[in-house]
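Enquirer: We have chain A; now place chain B onto it with these hints.
Number of protein chains: 2
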Amino acid sequence: MKPIIEVAARAGIDEEHLELYGKYKAKMNPSLTQERKNRPDGKLVLVTAVNPTPAGEGKTLTTIGLTQALQALDVNAVAALREPSLGPCFGMKGGSTGGGKAQIVPAEDINLHFTGDLHAVSSAHNLLSALIDNHIYQGNALRLDPKKVVWKRAVDMNDRGLRSIVTGLGAGNGLPQESGFLITSASEVMAVLCLSENAADLKKRLERIVVGYTSEGEAVTAAMLDAAEGMAILLKDAIKPNLVQTLDGTPVIVHGGPFANIAHGCSSVIGTKTALKLGDVVVTEAGFGAELGAEKFFDIKCRQAGLRPDAAVLVVTAKALKYNGGVPAKELGEENTRALAAGMDNLNRHLRNLQAFGVPVLVAVNHFAADYESELHLIFDACRELGVAAELSDVWAEGAAGGAALARSLMRILEQQPSRHAPLYEASLSLKDKIKTIVTRLYGGSDVSYAPAASKALADFERRGFGELPVCMAKTPYSFSDRASLLGAPEGFTVSVSRVSLSAGAGFVVVETGNTMTMPGLPKVPAASRMRLETDGTIEGLL
Amino acid sequence: MKPIIEVAARAGIDEEHLELYGKYKAKMNPSLTQERKNRPDGKLVLVTAVNPTPAGEGKTLTTIGLTQALQALDVNAVAALREPSLGPCFGMKGGSTGGGKAQIVPAEDINLHFTGDLHAVSSAHNLLSALIDNHIYQGNALRLDPKKVVWKRAVDMNDRGLRSIVTGLGAGNGLPQESGFLITSASEVMAVLCLSENAADLKKRLERIVVGYTSEGEAVTAAMLDAAEGMAILLKDAIKPNLVQTLDGTPVIVHGGPFANIAHGCSSVIGTKTALKLGDVVVTEAGFGAELGAEKFFDIKCRQAGLRPDAAVLVVTAKALKYNGGVPAKELGEENTRALAAGMDNLNRHLRNLQAFGVPVLVAVNHFAADYESELHLIFDACRELGVAAELSDVWAEGAAGGAALARSLMRILEQQPSRHAPLYEASLSLKDKIKTIVTRLYGGSDVSYAPAASKALADFERRGFGELPVCMAKTPYSFSDRASLLGAPEGFTVSVSRVSLSAGAGFVVVETGNTMTMPGLPKVPAASRMRLETDGTIEGLL
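Here the protein sequences line up with chains A and B, keeping their order. Using UniProt numbering, read the first sequence as starting at 1 and increasing by one per residue. Using UniProt numbering, read the second sequence as starting at 1 and increasing by one per residue.
Take these hints with a grain of salt, some might be off.
Claimed, not checked - Quick look at which bits of chain B chain A covers, simulated, 3 or more residues with Cβ under 8 Å:
| # | segment |
| --- | --- |
| 1 | 15–23 |
| 2 | 42–50 |
| 3 | 120–126 |
| 4 | 167–173 |
| 5 | 233–246 |
Treat the hints as calculated values from the structure; they're not laboratory data. Cβ coordinates follow ideal geometry from the N, Cα and C atoms, glycine included.
In isolation and in its complexed conformation, chain A is listed as follows:
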């Protein structure tokens, strides 16, 4: 690991723009992008994936490895990634900083408290929660209806017992009220942080957050509760992007970590824009498969921030294609070219979808040691037939060398295929028409049905002037549809919208299909129980 000052220096960043957090992490001040405001932006590449197996397909790994490989080709490359959350880290899956020879470091720090951004988001979120309850307790001058408070609390921990709670019990402790906790990544404050252009925009977005309604139905905002300034103060450092490095010393910006269901699942706009002022090629990723992650990246993040993506890398694994071809999760280790061929439908639809957004696509076949040659051949043959460039990516085992072909192919695309990026729908469409466009044009569905309350709420949001907002779809990541079992490339299905909600600060309308989990639980044997802190300070079981 190189001192972060050295990594920064090689990226041309003067130390005066940095705030060090130890020797290997730094926050970057706005003075940096200010200084470079006339430098042309680098090219922006999105890493996304087909519909995954429950184990995931390696988007983060590919993003990191591809960036390392680009650097090895002497390309000035920067990665822009999301920040891990403590909840999953101590719960199911351990850290999210890549693996093998494609990692970002210091991995332990990044997976633990890092530079405190998630804690700052929790604090800002919970300050607003406390101010809401206190406002009601202290006379309720705004006449906020306690039954119409939609703002919950937040904690960065997997704690199922906090999903649904009653607060304010006992004398002097306020009003008994239904409430609950979201995991911090699901907080609208996180989405706000990630979509803000700068500190002033952050404050304006915080002001717009709708926390509930009066009994007459008027929206009550954070601004009306005098909460936005205090929240912005708590977020004043969190808004600055964090600089770390890959195992090869490539600069990586890790900033912001919103959920990919009720939020948009992309790292911060400020982080991406800073990366574009630093690198000639910026590689970033979005959560879940392309029908969720890429769609929101294009239609929410790029639209709001005025970003123009230049290419997309679609990560695929043999296992994911077999899974989409109907093989149960337990049997994915067995050779099955027939199922894999069937699963190519899934890849094909994602490919067409990405092309519909006007971006050139490159397929990255994330290689596992146990992969069958026959299956890999089949994938490459199929991609050739589909007319899309595809490369094997072996960055876990080989690091930069394992991503060399992918990086070269990407550079060819960036040089030869201009992007004609456009969002999928116009802002002026009605909210229901936006949803229908996504469902029919991307998902392959034929219709959308609405719970009566959801229909009413959408009409209500439009009446309140939020009709121009993009929609943020929350659905299963395992299928194009809203049913996890409909694998491959299903057609003719109806997507059922169960609930919609307004994220007026983030600037989107959340559209939920089924129950969206915003507070994960812990498994029978949580990752936390297998961790060890050795006496020499090394940590076992975290990564």
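Expert: For chain B alone, coordinates are given in the frame of chain A:
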């Protein structure tokens, strides 16, 4: 403000021992004290106070100003202070980093997230909470009785609605259970962090935390839930003391912030011991008045850590003495030498108490611009009669110069009056005898009464082998007794113990008189509502 590297260098700290958090904050690695393990410790001075008015008497201010004044006399002085909590900062009182010309800086950072220690404590606390509920949910192999879980959750925010809650409502969300949130400073994890000698001791203490009991009455610990390692991992950086500076560049260690009621109210042992290896004189403080703060400092912190205090500075204000002499809070601005003379009883008893601990005492009269000369004269005359050195302290208005007399007087005492420090009671006394000793010998009370459940619990703790632990008294800070209205130096009262609890990790038995508030509420107009973040990044209303 000097770069913290410079402040460290002047204290002889090599940069290799530091982890920078920006330019003006650093954590110090254990390698520092290791390197200096053969250097003789500096002298240890405790700053404490008489029973206060609701506005407080300026212990933190005096600690900071005195340290600045010592440095101005060319004494190698270091201050060791507690970390502020976000809750009070956004609630009632704003920051706690001194004021006027006696401040520690960067004040805003210290009052906000600082180096993330409180967030780490919240995370470790809530990881344990989640693991407890998950253990019950996943089959409850330890047969923990859900009704006998004593471990709550923690958040660093004033949120009265979270004091008493029911969790686990709704299908799949665990078992409906009574719970609640403490403010983070009231968490046993904070007390554990502050009393640990090193990382290994921290882990052992975390393992010992009792979270509840089986229906057969067996204690269930964090170790039995495999929680301590994960908690220790979350605290691995929080355990390192933080270095900042006064306005004059004096080194200050700000580390740990436990409540002064259900915890011991002192900054960390590691911070104090590091300070003793850096400075020739270390000035530290303890929460509330001396009968609570100093008693716990001596009987809990010094006893556990083997610290030998060399002197105590007793902070007094004319207002506090008048308040103790019977003047209502609203009339404290008026001259009233008679009430002040009566209030000297309070000072006198604190003085005798401190002397009973064997430490030389110096009275610091914290000066306010509106003080009456007549009243100040009376205080000094009375101190002369009591045979105790007393000096005016004007560090708010004058900084180091305003503390010069106090610093000189302190140095004379340290040179001429050896400390014969001993704790008030032996560890071998029964828990009830320890409580009685404190009540009769320090408070001036005549007896202690116990709620039946408290009596039973004390006997139970002794049976479980916790009888040798010191007791941690939780009572009103306004009176020697457990009634806030009994001012001055009351006698003959009975202290009523309502509830006792075991902090097996911290290593004390909490003795509550009345209801101890462990989660503050917000006032009608919270400090948060008056704050502003200006576009140039300056913050109004925080300090």
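Enquirer: Please name the hints from earlier in the document that this structure breaks, with their numbers sorted from lowest to highest.
Expert: 2
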